[in-house]
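*Asks:* Sequences are here, hints too, so could you generate the full structure?
In case it helps, this note's numbering puts the sequence shown at residues 17 to 151.
Source of the hints: derived by calculation from the structure; they are not laboratory data.
A quick note: this is a predicted structure, and the numbers were derived from the prediction, not measured.
Hints are not guaranteed to be accurate.
Claimed, not checked - Listed below are the simulated DMTMM-like cross-link pairs for lysine to aspartate or glutamate, each with C-alpha atoms no more than 25 Å apart in a straight line:
| # | residue 1 | residue 2 |
| --- | --- | --- |
| 1 | Lys-109 | Asp-38 |
| 2 | Lys-109 | Glu-97 |
| 3 | Lys-50 | Glu-115 |
| 4 | Lys-74 | Glu-61 |
| 5 | Lys-50 | Glu-103 |
| 6 | Lys-109 | Asp-41 |
| 7 | Lys-50 | Glu-90 |
| 8 | Lys-109 | Glu-40 |
| 9 | Lys-50 | Asp-29 |
| 10 | Lys-109 | Glu-90 |
| 11 | Lys-74 | Glu-97 |
| 12 | Lys-74 | Glu-64 |
| 13 | Lys-74 | Asp-119 |
| 14 | Lys-109 | Asp-142 |
| 15 | Lys-50 | Asp-84 |
| 16 | Lys-74 | Glu-90 |
| 17 | Lys-109 | Glu-120 |
| 18 | Lys-50 | Glu-64 |
| 19 | Lys-74 | Asp-84 |
| 20 | Lys-50 | Glu-97 |
| 21 | Lys-109 | Asp-62 |
| 22 | Lys-50 | Asp-73 |
| 23 | Lys-50 | Asp-121 |
| 24 | Lys-74 | Asp-53 |
| 25 | Lys-50 | Asp-38 |
| 26 | Lys-50 | Glu-60 |
| 27 | Lys-109 | Asp-84 |
| 28 | Lys-109 | Asp-134 |
Unchecked claim - Across the chosen pairs, the derived CB separations fall in these ranges:
| # | residue 1 | residue 2 | range |
| --- | --- | --- | --- |
| 29 | Gly-88 | Gly-52 | 21 to 31 Å |
| 30 | Asp-134 | Gln-72 | 30 to 40 Å |
| 31 | Trp-25 | Arg-46 | 30 to 40 Å |
| 32 | Glu-115 | Gly-52 | 16 to 26 Å |
| 33 | Gln-22 | Asp-84 | 35 to 45 Å |
| 34 | Gly-75 | Val-128 | 39 to 49 Å |
| 35 | Leu-47 | Trp-25 | 14 to 24 Å |
| 36 | Pro-89 | Asp-143 | 28 to 38 Å |
| 37 | Glu-131 | Asp-29 | 42 to 52 Å |
| 38 | Ser-34 | Glu-131 | 35 to 45 Å |
| 39 | Val-33 | Asp-134 | 14 to 24 Å |
| 40 | Trp-124 | Gly-75 | 24 to 34 Å |
Virtual Cβ for every residue (Gly too), placed ideally from N, Cα, C.
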Amino acid sequence: QNGTVQIRWDDPDGWPVSSICDLEDLRVLRLSYKPGDLVVALFEEDYEWYNATVVQDKGGSFVVLWDDPDGGPELAVCLPEHLRMVEVVDDYKPGDLVEAMCDEDQTWYTAVVQERFDCGYVVLWDDPGDSPTSV
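*Replies:* Dropping the structure here:
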């Protein structure tokens with residue numbers, strides 16, 4: 017109703033059995049990926065999410081090639097819960113709620129599409145206090 021849902025956790029492990037979550041914070045957990053899939057993956061050394069490409073299915077885990085290893089390892093083995101498929105969609109309309117990556121800090125922020133151009137979109141960050149001020 018108000019853009020939230022109640023989630024019941026399978027294994028709360030000392031935490032609440034249920035939580036109220038914003039719809040925009042929910043994602044489908046994929047358990048299978050194939051080589052060539054574009055993903056964001058959790059880098060376990062700094063617990064940050066980075067762009068990568070799946071290069072191998074190891075039967076329960078996946079080898080990814082980081083887009084920009086920045087001096088670190090070029091490959092990593094990730095569990096499926098540490099991967100998110102990058103959905104390439106190119107038909108957004110003004111008013112659509114999206115996640116957009118800021119070129120300045122390579123971080124994904126929630127935003128609303130304002131305008132479409134031949135080469136991309138103009139977005140308005142949903143929470144300008146925690147987001148960059150321009151696209």
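*Asks:* Please go over all the hints and tell whether each is borne out by the structure.
*Replies:* To see whether the hints hold, each was checked on the structure:
1. Lys-109 to Asp-38: holds (22 Å)
2. Lys-109 to Glu-97: Cα-Cα ~30 Å, so violated.
3. Lys-50 to Glu-115: holds (23 Å)
4. Lys-74 to Glu-61: holds (21 Å)
5. Lys-50 to Glu-103: The hint holds at about 14 Å.
6. Lys-109 to Asp-41: holds (21 Å)
7. Lys-50 to Glu-90: holds (18 Å)
8. Lys-109 to Glu-40: holds (17 Å)
9. Lys-50 to Asp-29: violated (32 Å)
10. Lys-109 to Glu-90: Not OK: Lys-109 and Glu-90 at ~36 Å, beyond 25 Å, violated.
11. Lys-74 to Glu-97: At roughly 14 Å apart (the allowed maximum being 25 Å), Glu-97 and Lys-74 satisfy the hint.
12. Lys-74 to Glu-64: Holds. Lys-74 to Glu-64 sits at ~22 Å (cutoff 25 Å).
13. Lys-74 to Asp-119: Violated. Lys-74 to Asp-119 sits at ~32 Å, over the 25 Å cutoff.
14. Lys-109 to Asp-142: Holds - the C-alpha atoms of Asp-142 and Lys-109 are around 16 Å apart, at most 25 Å.
15. Lys-50 to Asp-84: Distance of about 20 Å is within 25 Å: holds.
16. Lys-74 to Glu-90: Holds, at roughly 17 Å.
17. Lys-109 to Glu-120: Holds, at roughly 24 Å.
18. Lys-50 to Glu-64: holds (22 Å)
19. Lys-74 to Asp-84: Status holds; Cα separation ~22 Å.
20. Lys-50 to Glu-97: holds (15 Å)
21. Lys-109 to Asp-62: violated (35 Å)
22. Lys-50 to Asp-73: Distance ~6 Å between Lys-50 and Asp-73 Cα, so the pair holds.
23. Lys-50 to Asp-121: violated (28 Å)
24. Lys-74 to Asp-53: This hinted pair holds, its Cα atoms lying about 14 Å apart.
25. Lys-50 to Asp-38: Outside the cut-off at roughly 30 Å; violated.
26. Lys-50 to Glu-60: Since the Cα atoms of Lys-50 and Glu-60 sit roughly 21 Å apart, the hinted pair holds (cutoff 25 Å).
27. Lys-109 to Asp-84: violated (30 Å)
28. Lys-109 to Asp-134: holds (13 Å)
29. Gly-88 to Gly-52: 21 to 31 Å: holds (22 Å)
30. Asp-134 to Gln-72: 30 to 40 Å: holds (36 Å)
31. Trp-25 to Arg-46: 30 to 40 Å: Between Trp-25 and Arg-46, where Cβ atoms are some 19 Å apart, the hint is violated.
32. Glu-115 to Gly-52: 16 to 26 Å: holds (22 Å)
33. Gln-22 to Asp-84: 35 to 45 Å: Once the Cβ atoms are compared, 38 Å apart, the range 35 to 45 Å for Asp-84 and Gln-22 holds.
34. Gly-75 to Val-128: 39 to 49 Å: Holds: the Cβ-Cβ distance is about 40 Å, inside 39 to 49 Å.
35. Leu-47 to Trp-25: 14 to 24 Å: holds (18 Å)
36. Pro-89 to Asp-143: 28 to 38 Å: With a Cβ separation near 33 Å, Pro-89 and Asp-143 satisfy 28 to 38 Å, so the hint holds.
37. Glu-131 to Asp-29: 42 to 52 Å: holds (45 Å)
38. Ser-34 to Glu-131: 35 to 45 Å: holds (39 Å)
39. Val-33 to Asp-134: 14 to 24 Å: violated (50 Å)
40. Trp-124 to Gly-75: 24 to 34 Å: Holds - the Cβ-Cβ distance for Trp-124 and Gly-75, about 29 Å, lies within 24 to 34 Å.
Of the numbered hints given earlier, the model fails hints 2, 9, 10, 13, 21, 23, 25, 27, 31, 39; all others are met.
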